[in-house]
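Asks: What follows is the residue order along each chain.
2 protein chains.
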Amino acid sequence: MAESTKYLLNEDQIPKNWYNIAGDLPAPPPPPINQATGQPVGPDDLAPLFAMEMIMQEMSAEREIPIPEPVREAYKIWRPTPLVRAHRLEKVLDTPAKIYYKNESVSPAGSHKPNTAVAQAHYFKEEGTTKLTTETGAGQWGTALAFAGKLFGLEVEAYQVRVSFETKPYRRMFMEAYGATCYPSPSRRTNHGRALLDADPDDPGNLATAVAEAIEMAMSTPGTKYALGSLLNCVCIHQTVVGQESMLQLEMADDYPDVVIGCVGGGSNWAGMVYPFLGENIRNGKNTRIVAVESATCPSLTRGVYAYDYPDSAHFVPLIKMHTLGSSFKTPKMHAGGLRYHGMGPMCSYLYDHGYVEAQARQQVECLEAALVFAHAEGTLPAPESSHAVKVAIEEALRCKEEGKSETILFNLSGHGYLDLTAYQDLAAGVLEDVHFSDEDFAATMADLPQVAAE
Amino acid sequence: MAESTKYLLNEDQIPKNWYNIAGDLPAPPPPPINQATGQPVGPDDLAPLFAMEMIMQEMSAEREIPIPEPVREAYKIWRPTPLVRAHRLEKVLDTPAKIYYKNESVSPAGSHKPNTAVAQAHYFKEEGTTKLTTETGAGQWGTALAFAGKLFGLEVEAYQVRVSFETKPYRRMFMEAYGATCYPSPSRRTNHGRALLDADPDDPGNLATAVAEAIEMAMSTPGTKYALGSLLNCVCIHQTVVGQESMLQLEMADDYPDVVIGCVGGGSNWAGMVYPFLGENIRNGKNTRIVAVESATCPSLTRGVYAYDYPDSAHFVPLIKMHTLGSSFKTPKMHAGGLRYHGMGPMCSYLYDHGYVEAQARQQVECLEAALVFAHAEGTLPAPESSHAVKVAIEEALRCKEEGKSETILFNLSGHGYLDLTAYQDLAAGVLEDVHFSDEDFAATMADLPQVAAE
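As given, the protein sequences belong to chains Y and E, one line each in that order. With the numbering used here, you'll find the first sequence wraps up at 763, consecutive numbering, no jumps. With the numbering used here, you'll find the second sequence wraps up at 763, consecutive numbering, no jumps.
Simulated from the structure, these hints should not be mistaken for lab results. Hints should not be assumed to be uniformly reliable.
No copy is singled out in the list; a pair is fine if it fits within one copy or between any two copies.
As the list claims (entries may be wrong) - Derived DSBU-like pairs (lysine-lysine); straight-line CA-CA distance at most 35 Å:
no., residue 1, residue 2
1, LYS314, LYS399
2, LYS399, LYS384
3, LYS384, LYS594
4, LYS314, LYS324
5, LYS399, LYS433
6, LYS594, LYS638
7, LYS384, LYS324
8, LYS384, LYS713
9, LYS314, LYS439
10, LYS709, LYS433
11, LYS433, LYS713
12, LYS314, LYS384
13, LYS399, LYS439
14, LYS384, LYS709
15, LYS439, LYS709
All chains, full assembly: derive it from the sequences and hints.
Replies: Below, the structure is given as structure tokens:
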């Protein structure tokens with residue numbers, strides 16, 4: 309273990325620009341479409357919900373987007389994050405591969421989510437917004453936005469998927485400790501929520517419903533807009549500090565990755581890590597494999613279709629072209645709440661559909677088991693979401709062992725699992741079950757795709 | 309904010325030696341005393357429980373004690389930890405003071421406790437021990453030892469104060485995720501526990517009981533010894549990486565503290581932070597104020613007596629001279645479980661009694677309120693224990709404001725509060741109550757002090 313374990317950067321080395329993969333693509337992905345007109349949406353269509361700076365980033369083809377100084381100042385609270393050489397894990401696996409992980413779990417909210425939360429809070433504040441609504445599943449995003457809202461002086465109201473709200477109360481308490489309010493979704497605070505609860509008082513909720521409620525509240529409350537934690541290009545752009553820092557840190561180690569791995573729900577932590585490396589592939593002829601790992605319980609990339617679909621269950625917002633299982637898909641119970649969305653971010657979907665990146669789906673039992681192997685060797689207990697990246701990183705390291713190759717594997721440890729300990733308890737108790745879908749399981753929700761999808 | 313926010317060290321800068329304050333004192337503190345003989349104990353008296361290396365450290369007057377290389381390697385998992393300049397907190401308080409905090413919450417177990425846990429696990433492993441028992445209150449220590457046990461290949465069995473076991477299940481799950489087993493104390497696994505439960509089936513437990521049970525199990529199980537998370541000199545010695553790193557980091561900032569603050573239960577995080585600075589006071593004529601902050605709910609320094617007392621409720625181990633409320637003292641319900649012990653570490657007690665350091669007691673409501681002020685400015689949510697240090701750091705900064713002084717304040721953020729969120733929920737709900745003792749409240753337990761105390 310003569311080589312370093314942690315590669316640290318100074319605050320001056322926090323990137324000054326975000327990286328936008330759109331600037332390195334030959335053509336842009338298909339645009340969002342207005343449901344009423346069937347036409348691509350313009351900035352004005354999105355302005356009631358989002359900050360104009362974010363809308364411009366969403367549509368930008370500039371490769372570099374400057375990070376505002378107040379956002380870089382906020383980043384200094386926890387960034388740059390460590391890049392860690394997983395010496396101990398390598399030893400346990402007895403692999404010739406070199407495994408590195410970027411530890412995004414060290415942020416105050418415990419995940420990569422604050423990278424975009426503080427950016428969004430800054431832009432909204434600049435534009436005079438006083439309150440933000442948002443959705444959250446397991447609660448990583450809601451916590452991050454609550455933290456960012458408090459930093460920048462914005463009120464935050466989060467709609468949390470009811471099943472998570474009820475089974476993981478610590479995340480709600482965490483949001484409240486940062487001064488946010490949190491409601492279970494569906495709630496009786498919105499027309500959409502009331503309609504769902506009237507139909508089924510026990511509706512456990514899902515992310516598409518929570519998105520719809522947050523949007524309805526934003527649209528109906530003065531001074532209020534809507535913050536989204538994944539999916540959008542601009543959100544992924546904000547996350548690229550992760551990959552840019554990792555590249556610098558690997559330079560310190562005189563190394564470069566053969567494969568880069570991240571878990572995907574909407575795709576933002578994965579995008580933030582892999583886009584800068586994908587840019588190198590495109591611009592400079594590098595050949596790094598880029599792997600997205602989704603949950604087999606919600607397999608939008610590997611089992612869904614690439615089509616225009618509704619991002620929210622109330623059909624408030626423009627259609628986006630994405631890999632999707634259909635907006636009415638009811639995800640079975642799972643611990644990785646952040647991977648529990650019927651669709652995948654439009655850019656991630658586009659890159660996968662065009663062969664730029666690989667995708668794999670993994671079951672929650674094997675992922676949590678891999679996470680324990682990691683925790684016992686490296687200390688940090690991964691979030692259930694991040695365990696999907698851990699699982700495939702370990703598989704790649706074992707492949708290298710079989711093949712006698714000393715490849716360099718890099719993955720994003722997007723968050724810690726300290727507020728998800730019930731997942732590990734369920735694993736130990738043997739009460740977790742894997743889910744095996746047949747194609748028929750998706751037939752009903754796929755039939756709900758909007759007509760434009762046929763084009 | 310032109311100045312740095314975080315001061316980071318390289319792995320090479322992890323101290324190569326621990327610092328032992330005994331090497332800088334004119335005389336050693338009073339030794340532990342054998343209950344049967346009334347004589348000072350020797351190493352052999354302690355050998356059935358502890359590793360011989362630790363016993364020698366406990367009695368050492370060497371100023372520097374080398375850190376074994378496997379322990380330094382384990383430290384690299386999370387050390388060196390950041391020293392953070394709390395620019396945002398200073399701004400909120402509008403103080404001319406400079407506030408720095410050492411962020412020990414970034415360890416895998418979430419606190420400073422692994423600093424000694426990995427050292428103890430190493431020494432026990434070297435001596436052929438296969439299993440460790442221990443006590444834990446809120447669970448910070450149990451988690452740290454579970455982590456360290458897994459790293460060094462030792463089985464860990466933790467006895468957790470029943471009231472914490474039942475009300476804070478995440479800590480138990482965390483220990484179990486690291487492969488440890490955890491029992492509520494009093495348990496029916498020991499003679500001592502069975503006797504207590506026979507007398508009162510609802511006995512909520514306390515640390516002195518959990519210590520006794522862990523010791524009884526260690527003494528009665530082959531290959532098994534006992535690990536302790538605070539109190540002992542050797543434990544405090546292991547923690548001095550905290551203060552040594554802080555001193556180096558303040559040098560980077562071209563600064564030196566006027567006041568250093570830590571919370572105290574048994575005293576180990578405080579000792580680890582303050583001893584190196586106290587050494588500078590003694591050897592080099594520095595005048596840093598050293599402040600220990602205890603809980604007003606368990607005020608052994610400010611309300612107890614300095615006397616020989618029983619460290620455990622079963623009277624298994626030698627008497628130690630400490631500030632104590634009496635070993636049968638029943639601490640009222642409180643969230644800072646790590647500050648819930650009837651006595652204070654013998655060295656900390658000695659230093660306070662001899663005027664080297666100051667002590668203050670604070671109520672839990674004011675401490676948790678201060679912790680929220682900190683979290684809203686700096687991001688990290690402090691552990692209820694650490695909130696006591698935060699509270700007094702803020703008071704000192706406000707004093708500097710009143711006096712127009714630009715003093716440098718340093719405190720130890722010993723752990724995060726992500727697994728203690730129920731404390732913040734109780735604060736928000738207004739159900740936390742402060743405790744105001746009269747001297748009579750201590751009379752009964754003080755009467756239980758062993759006779760040697762009269763000498």
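Asks: Hints first: check each against the structure and report whether it holds.
Replies: Now for the hints, and whether the structure bears them out:
1. In the homo-oligomer, the alpha carbons of LYS314 and LYS399 lie at most 35 Å apart both inside one protomer (16 Å) and across protomers (32 Å), since each shortest distance falls under that limit.
2. For the homomeric pair LYS399 and LYS384, the shortest alpha-carbon distances inside one copy (33 Å) and between copies (16 Å) are both at most 35 Å.
3. For the homomeric pair LYS384 and LYS594, the shortest alpha-carbon distances inside one copy (31 Å) and between copies (32 Å) are both at most 35 Å.
4. In the homo-oligomer, the alpha carbons of LYS314 and LYS324 lie at most 35 Å apart both inside one protomer (23 Å) and across protomers (18 Å), since each shortest distance falls under that limit.
5. Proximity of LYS399 and LYS433 under a CA criterion of 35 Å is satisfied inter-copy only: 19 Å between copies versus 48 Å inside one chain copy.
6. When the C-alpha separation of LYS594 and LYS638 is checked against a cutoff of 35 Å, the pair qualifies neither within a copy, at 40 Å, nor between copies, at 66 Å.
7. In this homomeric assembly, LYS384 and LYS324 come within 35 Å of each other (Cα to Cα) both inside a single copy, at 12 Å, and across copies, at 29 Å.
8. Proximity of LYS384 and LYS713 under a CA criterion of 35 Å is satisfied inter-copy only: 27 Å between copies versus 38 Å inside one chain copy.
9. Only between protomers do LYS314 and LYS439 lie at most 35 Å apart by alpha-carbon distance; the minimum there is 30 Å, versus 39 Å within a single protomer.
10. Only between protomers do LYS709 and LYS433 lie at most 35 Å apart by alpha-carbon distance; the minimum there is 30 Å, versus 51 Å within a single protomer.
11. With identical chains, the CA atoms of LYS433 and LYS713 are at most 35 Å apart between copies only, with a shortest distance of 34 Å across copies and 50 Å within one.
12. Taking the closest pair of Cα atoms, LYS314 and LYS384 come within 35 Å of each other both inside a single copy (18 Å) and across two copies (7 Å).
13. Proximity of LYS399 to LYS439 under the C-alpha cut-off of 35 Å is restricted to the inter-copy arrangement: shortest distance 23 Å between copies versus 49 Å within a copy.
14. For a Cα distance limit of 35 Å, the shortest separation of LYS384 from LYS709 across copies, 26 Å, qualifies, whereas the shortest one inside one copy, 38 Å, does not.
15. In this assembly of identical chains, the alpha carbons of LYS439 and LYS709 lie at most 35 Å apart only when taken from different copies (33 Å versus 52 Å within one copy).
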